[in-house]
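As they're listed, the protein sequences go chains A and E. If you read the first sequence in my numbering, its first letter stands for residue 1111, the second for the next number, and so on. If you read the second sequence in my numbering, its first letter stands for residue 7, the second for the next number, and so on.
It is possible that part of the hints are untrue.
[Claimed, not checked] Below 25 Å or equal to it, Euclidean Cα-Cα: the simulated DMTMM-like pairs (lysine to aspartate or glutamate) are: (1) 436/E to 491/E; (2) 64/E to 1158/A; (3) 67/E to 1143/A; (4) 64/E to 209/E.
Simulated from the structure, these hints should not be mistaken for lab results.
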Amino acid sequence: MSARDEVLSRVRQALGADRTTPDEVVRDYRLTDGRPAGDPELLELLVDRVEDYRATVLRCSPAEVGATVRAALDQGLGAGWAAGDVVVAPGLAGDWRPTGCDVDDDRPAVQLADRAASVTAVAVAIAETGTLVLDGSPACGRRALSLLPDCLVCVVTADQVVGSVPEGLARLDPLRPLTMVSGPSATSDIELQRVEGVHGPRTLLVVLAG
Amino acid sequence: MTATVPPKAPTFLGLPTAPRGVGHLRGDQSFPDAARGALRDGQLRANLGHATSTIRGKRAKVVDELPDWAQLREAGRALKAATMARLDEHLEELERQVTARGGVVHWARDANEANEIVTRLVQATGTTEVVKVKSMATQEIGLNEALEAAGLDVFETDLAELIVQLGEDKPSHILVPAIHKNRAEIREIFARTIPGVDPDLTDDPRQLAMAARTHLRERFLRARVAVSGANFAVAETGTLTVVESEGNGRMCLTLPETLITVMGIEKVVPTWRDLEVFLQLLPRSSTGERMNPYTSTWAGVTPGDGPQEFHLVLLDNGRTAVLADEVGREALHCIRCSACLNVCPVYERAGGHSYGSVYPGPIGAVLSPMLTGVEDNASLPFASSLCGACYDVCPVAIDIPSILVHLRGEHVEAQERPTAEAVAFRGLAKVMSHPRLWHLAQRASRLGRLIARGRPTLPNALPPPVSGWTRSRDLPTPPKETFVESWVREHGS
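Whole structure, please, built from the sequences with the hints as guidance.
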C-alpha cells in the first residue's frame, strides 16, 4: 500500500465507521467592526496600532501622496537619498513614484538587496491589528520587493482600511501569495524583549492618504 | 546515531505510534529525574521565571482587548473538532488543490519516511545547503540530524533556533526555544561560534539580533533550498500559511528555487474563512501581540514570485494513533501557541528540557505520550498539578487536565505486575474499611512526629517505599491527636 493510502486508511480506522458528527461551528464573534471601510475613526485606529509597533505613519490628502512618499524616504534614508536607491512596485501609480526611481522588473530577486528602500501599495489594511496586506499584484509587487530593501514605504488609501480581521481576509484572494505586515520585522527571542528589525526591513513607513 | 535497531514502538488500537530511535519525542530520563537537576539550577529558574511572567502579562492584556474572545475561542474549538471528524476528506482536498497549483504532495507514514523524502528532494536539487524556518514538525522528526547524516549543511534561521543550534543545545519552549538562556549566555555562544563576529559584541538584545542578521544575510541570498513547517493549510484553496516575526521565514519562503514544507496532517483547516478565527487567536495567545509582524500565505507555485518548485510533505508519525483516542484526540487541535507553557507552574520551575520531548509543558505532557504510546513517556501525564491554568488560556479550549487524567488511567491499566503504589492503596483500602485497624494506624502514624522533630513536614529522605511519595511531595507531620480523639475530648463520645 502506498504511504498516501496507508495514512488515509489509518485516519478512517481512527475515526471509525460511525464517526461522530461534531457540533456546528457557530460564528457569533464579530464579523464586522460596524464602521465602514475608510471611516475616520478606523484611520485613527490604524495609525495608533501601526505606531504601537514602532513604525511611522505619515498622513496626507490623496493629491499629496507623491510628496509624502518623498518625505517618508527622507525619514527612512536621511535627506539626500538618490532616486536610484529606491525601487518601486511595477504597478505603483505614476504620481506616487519619486522621479527617476528604479522600477522592479524580472531581475533575479536577490538583486533587490542592493536597494536601500522600496515603495509599494497595499491590498487591504486592518485597523484593529495594524496590519497591511500585500497581495503580489503589480501595485504591491512581488514578495521579495517588500522584503530585501532595509526600508519599506507602503501607501495605503482610506478606502482600503477595514476594521477587523474577518473583513480584511474577505477582501483577499487566497490563491495569490500574500504577505501580512504588522510593523517592522521583530524578535522577542532574547529574554522576550522585543527588538525591532531583524531580517526583514528594519524601518517601516506608512503613507496614509485620505 | 546508534547502529542497533530499536524495538518497535507500540500501537494504539492497531495504529502505529511514532517510531523509536528517530526524532525528539522521548527523553532519556523520566520527568522527575530530569526535573531534579533543573530545579537546582538557579540561573535557569530565574531566566524562566522572568520570561514566563513577562509573556503572561502581555498575553492577558491583548486578550482582554477583544470583547469576543470567548466566542472566537469556542469557534476555534468547534472548527478543529469539525476538521478532525472529516480529516481524510480535507487532506484529499488539500492534495488536489496544491497539486492543481503546481505543488507536489508527498505522504509520510512516520519520521523515517519524512526524513527520507526531504533528503531525497534536497539531493535532487544538487545543492548541499539548506536554510530552515523554525518548525516543530521537523524538530519532532529529527530532520536536521537526518540531513546532516546525508552530508548536507543545515542552517536554522530563527534567532532562538540559531542560538540552540550554535550552542549545541536542545529547544526548551515551543515559541522561544532558547528561553532557558539569558542575554549573557547568548552573547557567550555567539562570541564563541559565529565566525568573524565583532569581538566587542555586548549582551544588548539589539546587538545580538544584528549579529544574527549579519551572520545569516549571505546564506539567505545564496540559498537554493528551504525547508519550512506550516501553521495552517487551507484545504479548499491549497493555501499554506506560516506565521512569524523576524522575516527569516519570508526569506526562506521567497528567495530559494525550491521550497519543501513538512506539515503534520492535523494542521489542515477546511476553508480560507477559518483563518479569520485562527489569525486572531494565535498571535495574541503566542507572543501577546495583536498580530505577529509577518504572516505569509501561498498556494502552490506563483510564476515570477517565489520558489518555482514546491513540495508539501504530509506527516502522520503517530497522529492517527492520537486521533483514534476519543478523549485524547483533542490534543491534535493544538495550534502551537505555547500559552499553556507560560502559565504552567510545573513548566515554570522544571523548564522545557525536563519533558524530554520537543513538545514540553502541559500540551507536551499529553501530546508526547500519545504520539509515542503512553508507556514510552509514562512519567509525563504525571508532570502536572492538574490546576487547570492550561485549559483556561488555551485558545482552542483543549481540556488538557482531563486528558492528563485519562492518560494516567491508561498507564495504570497498562501495568502487568502490581506496582508499589497499587499494593499501598490496596492495603489502605483494607485499613480504611476496618475501624479498629484505622484507629491503630492513625495512632501509629504519630511516630512520624519523632522523625519530624517539630518541623511542619517530614524530611524528604525517608526510606523506600515512602520515598517514592516524599521525593516530590511534602508529607505533613501528623497532628498530636486525630480528629476523632479531639471530638471525643471536646464533646464526649
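For each hint, the structure was consulted:
no., hint, in the structure
1, 436/E to 491/E, "holds (22 Å)"
2, 64/E to 1158/A, "holds (18 Å)"
3, 67/E to 1143/A, "holds (20 Å)"
4, 64/E to 209/E, "holds (23 Å)"
Going down the numbered hints, you'll see the structure goes against none, and every one checks out.
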